[in-house]
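Using the sequences and the accompanying hints, generate a full structural model.
For the record, in the sequence shown the residue sitting at position 208 is 208 according to this note's numbering, with numbers rising by one throughout.
It should be emphasised that the hints constitute simulated quantities derived from the structure, not laboratory data.
Any given hint might turn out to be false.
[Unchecked claim] Across the chosen pairs, the derived CB separations fall in these ranges:
id : residue 1 : residue 2 : range
1  : His171    : Pro55     : 20 to 30 Å
2  : Leu277    : Gln150    : 38 to 48 Å
3  : Thr297    : Pro166    : 17 to 27 Å
4  : Gly133    : Glu288    : 31 to 41 Å
5  : Thr172    : Ala71     : 11 to 21 Å
6  : Val296    : Arg64     : 31 to 41 Å
7  : Gly60     : Ala35     : 28 to 38 Å
8  : Thr42     : Arg153    : 17 to 27 Å
9  : Pro254    : Pro282    : 40 to 50 Å
10 : Gly133    : Ser113    : 15 to 25 Å
Note that this is a predicted model, so its numbers are computed, not measured.
Each residue gets a CB set at the ideal place from its N, CA and C atoms; glycine is no exception.
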Amino acid sequence: MTHSVKTTGRPLHVPVVNISRWEMGSARHRASVAASVDAAATDIGFLQITGHKIPEPIAGGLVRAIDTFFAQSDEAKRALSAPAAWIDRGYRSPSSAPGPRVPESFTVGTQASDHRDLALPSAHYPENIWPSGLPRFRHQLMAWFEAVRQLARRLTRIFAVTLDLPEGFFHTYTGHSLDVLRVDRPPAPTAARTDAGILTVRWADPAPCVQLRDTDGRWRGIVPEPGAILVNVGDLLARWTNDRWVSPVHRIVPSPGGAQERHRSATFFHDGDFDALVTPLPTCVDKERPVKYAPVTVAAHLAERRGWDLTGPAV
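What follows is the structure in C-alpha coordinates.
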(Lines of atoms letter the chains of each structure in order from A and count residues from 1; the text may use other names and numbers.)
(Lines give C-alpha, C1' and ligand atoms only; values in the text may rest on other atoms or scores of the structure.)
Protein backbone atom coordinates (compact mmCIF):
# COMPACT_ATOMS: atom_id res chain seq x y z
CA MET A 1 0.00 0.00 0.00
CA THR A 2 1.30 3.47 -0.82
CA HIS A 3 0.50 6.68 0.98
CA SER A 4 0.68 10.19 -0.37
CA VAL A 5 2.94 12.64 1.43
CA LYS A 6 1.22 15.80 2.56
CA THR A 7 3.18 19.01 2.38
CA THR A 8 2.49 22.59 3.33
CA GLY A 9 4.15 25.83 2.36
CA ARG A 10 4.01 27.18 5.91
CA PRO A 11 7.38 26.97 7.68
CA LEU A 12 7.41 25.28 11.07
CA HIS A 13 8.27 27.44 14.05
CA VAL A 14 11.10 25.91 16.03
CA PRO A 15 11.54 27.23 19.59
CA VAL A 16 14.45 29.63 20.06
CA VAL A 17 16.67 29.04 23.09
CA ASN A 18 19.22 31.71 24.04
CA ILE A 19 21.87 29.72 25.88
CA SER A 20 23.83 32.84 26.84
CA ARG A 21 21.21 33.25 29.58
CA TRP A 22 22.43 29.95 31.06
CA GLU A 23 25.90 31.39 31.60
CA MET A 24 24.44 34.36 33.46
CA GLY A 25 24.40 31.97 36.38
CA SER A 26 21.24 32.89 38.26
CA ALA A 27 18.84 30.13 39.21
CA ARG A 28 16.02 32.00 37.49
CA HIS A 29 17.87 32.25 34.17
CA ARG A 30 18.92 28.60 34.27
CA ALA A 31 15.41 27.43 35.13
CA SER A 32 14.03 29.41 32.19
CA VAL A 33 16.53 27.93 29.73
CA ALA A 34 15.98 24.40 31.08
CA ALA A 35 12.20 24.75 30.74
CA SER A 36 12.56 25.94 27.13
CA VAL A 37 14.93 23.10 26.27
CA ASP A 38 12.70 20.48 27.87
CA ALA A 39 9.58 21.75 26.11
CA ALA A 40 11.24 21.82 22.68
CA ALA A 41 12.98 18.45 23.10
CA THR A 42 9.75 16.86 24.33
CA ASP A 43 7.44 18.36 21.70
CA ILE A 44 9.41 18.29 18.43
CA GLY A 45 13.06 17.46 19.15
CA PHE A 46 14.36 20.56 17.34
CA LEU A 47 15.73 23.78 18.84
CA GLN A 48 17.11 27.01 17.43
CA ILE A 49 20.15 27.97 19.47
CA THR A 50 21.16 31.60 19.87
CA GLY A 51 23.79 33.01 22.20
CA HIS A 52 26.14 30.27 21.00
CA LYS A 53 29.15 32.64 20.83
CA ILE A 54 30.55 31.20 17.61
CA PRO A 55 32.56 34.12 16.17
CA GLU A 56 31.52 35.43 12.77
CA PRO A 57 35.07 34.99 11.36
CA ILE A 58 34.81 31.25 12.04
CA ALA A 59 31.43 31.05 10.30
CA GLY A 60 32.81 33.09 7.41
CA GLY A 61 35.81 30.80 7.21
CA LEU A 62 33.49 27.81 6.96
CA VAL A 63 31.68 29.35 3.99
CA ARG A 64 34.96 30.11 2.24
CA ALA A 65 36.22 26.60 2.93
CA ILE A 66 33.11 25.03 1.40
CA ASP A 67 33.25 27.23 -1.68
CA THR A 68 36.98 26.72 -2.17
CA PHE A 69 36.81 22.96 -1.81
CA PHE A 70 33.92 22.34 -4.17
CA ALA A 71 35.36 24.74 -6.76
CA GLN A 72 38.20 22.26 -7.34
CA SER A 73 38.25 20.06 -10.41
CA ASP A 74 36.40 16.75 -10.26
CA GLU A 75 39.73 14.95 -10.52
CA ALA A 76 41.17 16.82 -7.52
CA LYS A 77 38.10 16.10 -5.42
CA ARG A 78 37.91 12.42 -6.35
CA ALA A 79 41.55 12.04 -5.28
CA LEU A 80 40.34 12.81 -1.74
CA SER A 81 37.81 9.96 -1.64
CA ALA A 82 38.08 7.40 1.15
CA PRO A 83 39.77 4.10 0.20
CA ALA A 84 36.61 2.15 1.11
CA ALA A 85 32.93 3.09 0.95
CA TRP A 86 32.31 2.38 4.65
CA ILE A 87 34.99 4.89 5.78
CA ASP A 88 33.11 8.08 6.55
CA ARG A 89 35.87 10.48 5.58
CA GLY A 90 36.87 12.56 2.59
CA TYR A 91 35.02 13.37 -0.60
CA ARG A 92 31.85 11.69 -1.75
CA SER A 93 29.35 12.24 -4.54
CA PRO A 94 26.35 9.95 -5.06
CA SER A 95 26.48 10.51 -8.81
CA SER A 96 29.11 10.94 -11.49
CA ALA A 97 26.71 12.97 -13.65
CA PRO A 98 28.07 16.37 -14.69
CA GLY A 99 26.49 19.65 -13.66
CA PRO A 100 26.36 21.94 -10.65
CA ARG A 101 23.26 20.35 -9.14
CA VAL A 102 24.96 17.06 -8.27
CA PRO A 103 25.20 16.87 -4.45
CA GLU A 104 28.74 16.52 -3.15
CA SER A 105 30.07 16.16 0.39
CA PHE A 106 33.32 16.23 2.32
CA THR A 107 33.58 14.66 5.76
CA VAL A 108 36.02 14.93 8.67
CA GLY A 109 35.80 13.63 12.21
CA THR A 110 37.48 12.48 15.39
CA GLN A 111 40.60 10.42 14.63
CA ALA A 112 42.30 7.67 16.62
CA SER A 113 45.43 9.82 16.51
CA ASP A 114 43.59 12.56 18.42
CA HIS A 115 43.65 10.26 21.48
CA ARG A 116 46.87 8.26 21.15
CA ASP A 117 46.80 7.29 24.83
CA LEU A 118 43.51 5.39 24.36
CA ALA A 119 44.43 3.09 21.44
CA LEU A 120 41.06 3.71 19.79
CA PRO A 121 40.03 1.40 16.93
CA SER A 122 40.75 2.98 13.55
CA ALA A 123 37.56 1.46 12.12
CA HIS A 124 35.55 3.79 14.34
CA TYR A 125 38.06 6.65 14.32
CA PRO A 126 39.57 6.77 10.80
CA GLU A 127 42.12 9.39 9.86
CA ASN A 128 40.97 12.47 7.99
CA ILE A 129 41.88 13.06 4.35
CA TRP A 130 43.12 16.55 3.48
CA PRO A 131 43.89 18.31 0.20
CA SER A 132 47.49 19.44 -0.17
CA GLY A 133 46.78 22.35 -2.48
CA LEU A 134 44.37 24.33 -0.27
CA PRO A 135 46.56 25.82 2.48
CA ARG A 136 43.77 27.43 4.55
CA PHE A 137 41.05 24.82 4.04
CA ARG A 138 42.04 22.52 6.89
CA HIS A 139 42.34 25.38 9.39
CA GLN A 140 39.00 26.89 8.37
CA LEU A 141 37.10 23.61 8.50
CA MET A 142 38.62 22.48 11.79
CA ALA A 143 37.95 25.87 13.38
CA TRP A 144 34.25 25.28 12.71
CA PHE A 145 34.52 21.65 13.85
CA GLU A 146 35.99 22.73 17.18
CA ALA A 147 33.46 25.55 17.60
CA VAL A 148 30.44 23.28 17.15
CA ARG A 149 32.08 20.54 19.21
CA GLN A 150 32.35 22.99 22.09
CA LEU A 151 28.74 24.05 21.47
CA ALA A 152 27.65 20.41 21.69
CA ARG A 153 29.44 20.06 25.02
CA ARG A 154 27.80 23.24 26.32
CA LEU A 155 24.42 21.90 25.26
CA THR A 156 24.93 18.53 26.92
CA ARG A 157 25.72 20.33 30.19
CA ILE A 158 22.41 22.15 29.88
CA PHE A 159 20.66 18.91 28.92
CA ALA A 160 22.05 17.14 31.98
CA VAL A 161 20.75 19.74 34.43
CA THR A 162 17.42 19.84 32.60
CA LEU A 163 17.15 16.08 33.15
CA ASP A 164 17.99 16.43 36.87
CA LEU A 165 21.48 15.01 36.45
CA PRO A 166 24.91 16.36 37.47
CA GLU A 167 26.00 19.02 34.99
CA GLY A 168 28.96 16.98 33.73
CA PHE A 169 27.04 13.71 33.38
CA PHE A 170 27.23 13.40 29.60
CA HIS A 171 30.89 14.40 29.49
CA THR A 172 31.80 11.03 31.00
CA TYR A 173 30.37 9.47 27.83
CA THR A 174 31.83 11.91 25.29
CA GLY A 175 35.53 12.27 26.13
CA HIS A 176 36.49 10.68 22.80
CA SER A 177 33.16 11.17 21.07
CA LEU A 178 32.57 9.90 17.56
CA ASP A 179 32.10 13.40 16.19
CA VAL A 180 31.67 13.91 12.45
CA LEU A 181 31.33 17.07 10.36
CA ARG A 182 29.93 16.77 6.85
CA VAL A 183 29.81 19.75 4.49
CA ASP A 184 27.63 19.62 1.38
CA ARG A 185 27.00 21.72 -1.68
CA PRO A 186 24.17 21.51 -2.45
CA PRO A 187 22.73 19.47 0.46
CA ALA A 188 22.05 15.90 -0.63
CA PRO A 189 18.34 15.03 -0.43
CA THR A 190 17.54 12.30 2.09
CA ALA A 191 14.56 10.10 2.80
CA ALA A 192 12.63 10.47 6.05
CA ARG A 193 14.92 9.51 8.90
CA THR A 194 16.07 10.17 12.43
CA ASP A 195 19.68 10.86 13.42
CA ALA A 196 21.44 8.02 15.19
CA GLY A 197 23.58 9.85 17.74
CA ILE A 198 23.21 12.15 20.73
CA LEU A 199 22.58 15.45 18.97
CA THR A 200 23.06 17.09 15.59
CA VAL A 201 24.18 20.68 14.99
CA ARG A 202 23.23 22.16 11.61
CA TRP A 203 24.37 25.27 9.75
CA ALA A 204 23.08 26.10 6.28
CA ASP A 205 22.36 28.97 3.95
CA PRO A 206 18.80 30.25 4.63
CA ALA A 207 16.39 27.92 2.81
CA PRO A 208 13.73 25.42 3.99
CA CYS A 209 15.83 22.37 3.06
CA VAL A 210 15.29 20.63 6.42
CA GLN A 211 11.71 19.46 6.76
CA LEU A 212 10.07 18.02 9.86
CA ARG A 213 6.97 15.85 9.87
CA ASP A 214 4.41 17.46 12.16
CA THR A 215 1.69 15.78 14.23
CA ASP A 216 -0.72 15.94 11.26
CA GLY A 217 1.72 14.07 9.04
CA ARG A 218 2.59 17.15 6.98
CA TRP A 219 6.14 18.03 6.01
CA ARG A 220 7.04 21.51 7.21
CA GLY A 221 10.17 23.44 6.25
CA ILE A 222 12.51 24.82 8.91
CA VAL A 223 14.39 28.07 8.35
CA PRO A 224 16.56 29.14 11.32
CA GLU A 225 16.40 32.76 12.39
CA PRO A 226 19.40 34.92 11.47
CA GLY A 227 22.35 33.98 13.67
CA ALA A 228 20.64 30.88 15.05
CA ILE A 229 21.96 27.33 14.72
CA LEU A 230 19.59 24.41 14.36
CA VAL A 231 20.00 21.51 16.79
CA ASN A 232 18.05 18.28 16.99
CA VAL A 233 17.84 15.35 19.38
CA GLY A 234 19.26 12.05 18.12
CA ASP A 235 18.23 8.45 18.77
CA LEU A 236 20.81 7.89 21.52
CA LEU A 237 19.59 10.89 23.52
CA ALA A 238 15.98 9.79 23.05
CA ARG A 239 16.99 6.33 24.24
CA TRP A 240 18.80 7.78 27.27
CA THR A 241 15.65 9.74 28.18
CA ASN A 242 13.45 6.68 27.70
CA ASP A 243 11.68 8.58 24.88
CA ARG A 244 10.83 11.54 27.08
CA TRP A 245 12.66 13.54 24.41
CA VAL A 246 11.87 13.06 20.73
CA SER A 247 14.31 12.06 18.02
CA PRO A 248 12.45 13.79 15.18
CA VAL A 249 11.67 12.29 11.81
CA HIS A 250 13.02 14.72 9.23
CA ARG A 251 14.29 14.85 5.68
CA ILE A 252 16.44 17.03 3.44
CA VAL A 253 14.93 18.39 0.23
CA PRO A 254 16.43 20.47 -2.60
CA SER A 255 16.49 24.23 -2.27
CA PRO A 256 13.74 25.99 -4.20
CA GLY A 257 14.53 27.48 -7.60
CA GLY A 258 18.02 28.62 -8.52
CA ALA A 259 19.14 28.67 -4.88
CA GLN A 260 19.87 24.95 -5.18
CA GLU A 261 23.14 25.45 -7.05
CA ARG A 262 24.73 27.72 -4.44
CA HIS A 263 23.19 26.30 -1.26
CA ARG A 264 25.72 25.13 1.34
CA SER A 265 25.33 23.19 4.56
CA ALA A 266 27.48 21.87 7.40
CA THR A 267 26.12 19.11 9.65
CA PHE A 268 27.88 18.07 12.86
CA PHE A 269 26.98 14.74 14.46
CA HIS A 270 27.85 14.34 18.16
CA ASP A 271 27.55 10.58 18.71
CA GLY A 272 29.40 9.79 21.96
CA ASP A 273 32.29 7.47 22.85
CA PHE A 274 32.21 4.23 20.84
CA ASP A 275 32.46 2.19 24.06
CA ALA A 276 29.96 4.23 26.12
CA LEU A 277 27.06 2.22 27.54
CA VAL A 278 23.69 3.93 27.12
CA THR A 279 20.98 2.98 29.62
CA PRO A 280 17.67 4.79 30.24
CA LEU A 281 18.23 7.46 32.88
CA PRO A 282 16.70 6.88 36.33
CA THR A 283 15.27 10.41 36.22
CA CYS A 284 13.27 9.39 33.13
CA VAL A 285 11.90 6.12 34.49
CA ASP A 286 8.99 5.62 36.88
CA LYS A 287 5.82 3.54 37.24
CA GLU A 288 4.11 5.44 34.45
CA ARG A 289 7.24 5.30 32.25
CA PRO A 290 8.86 1.87 32.69
CA VAL A 291 12.21 1.13 31.07
CA LYS A 292 11.79 0.75 27.29
CA TYR A 293 15.34 -0.08 26.22
CA ALA A 294 18.09 -2.52 27.16
CA PRO A 295 21.60 -1.13 27.67
CA VAL A 296 23.58 -0.74 24.44
CA THR A 297 27.01 0.58 23.55
CA VAL A 298 27.28 3.49 21.16
CA ALA A 299 29.25 1.30 18.73
CA ALA A 300 26.61 -1.44 18.70
CA HIS A 301 23.80 1.08 18.26
CA LEU A 302 25.52 2.82 15.36
CA ALA A 303 26.42 -0.51 13.76
CA GLU A 304 22.79 -1.58 13.84
CA ARG A 305 21.58 1.73 12.43
CA ARG A 306 24.14 1.88 9.64
CA GLY A 307 24.31 -1.79 8.73
CA TRP A 308 27.97 -2.18 9.66
CA ASP A 309 29.72 -4.91 11.56
CA LEU A 310 31.87 -3.72 14.45
CA THR A 311 35.08 -3.78 12.42
CA GLY A 312 33.73 -1.26 9.96
CA PRO A 313 32.87 -2.59 6.47
CA ALA A 314 29.24 -2.80 5.42
CA VAL A 315 27.58 -6.20 5.67
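To see whether the hints hold, each was checked on the structure:
As the Cβ distance of histidine 171 to proline 55 is approximately 24 Å, the hint placing it in 20 to 30 Å holds. Evaluation of the 38 to 48 Å hint for leucine 277 and glutamine 150 yields a failure: the beta carbon distance comes to about 25 Å. Range check, threonine 297 to proline 166: Cβ separation about 22 Å, and the 17 to 27 Å hint holds. Roughly 60 Å separates the CB atoms of glycine 133 and glutamate 288, a value that falls outside the hinted 31 to 41 Å.
One distance hint, 11 to 21 Å for the beta-carbon pair threonine 172 and alanine 71, is violated here, with the actual separation near 42 Å. As the Cβ distance of valine 296 to arginine 64 is approximately 40 Å, the hint placing it in 31 to 41 Å holds. Range check, glycine 60 to alanine 35: about 34 Å between beta-carbon atoms, so the 28 to 38 Å window is met. Distance hint check: the CB atoms of threonine 42 and arginine 153 are about 22 Å apart, consistent with the given range 17 to 27 Å.
Range check, proline 254 to proline 282: about 44 Å between beta-carbon atoms, so the 40 to 50 Å window is met. Evaluation of the 15 to 25 Å hint for glycine 133 and serine 113 yields a pass: the beta carbon distance comes to about 23 Å.
Checked against the numbered hints given earlier, the structure breaks hints 2, 4 and 5 and satisfies all the rest.
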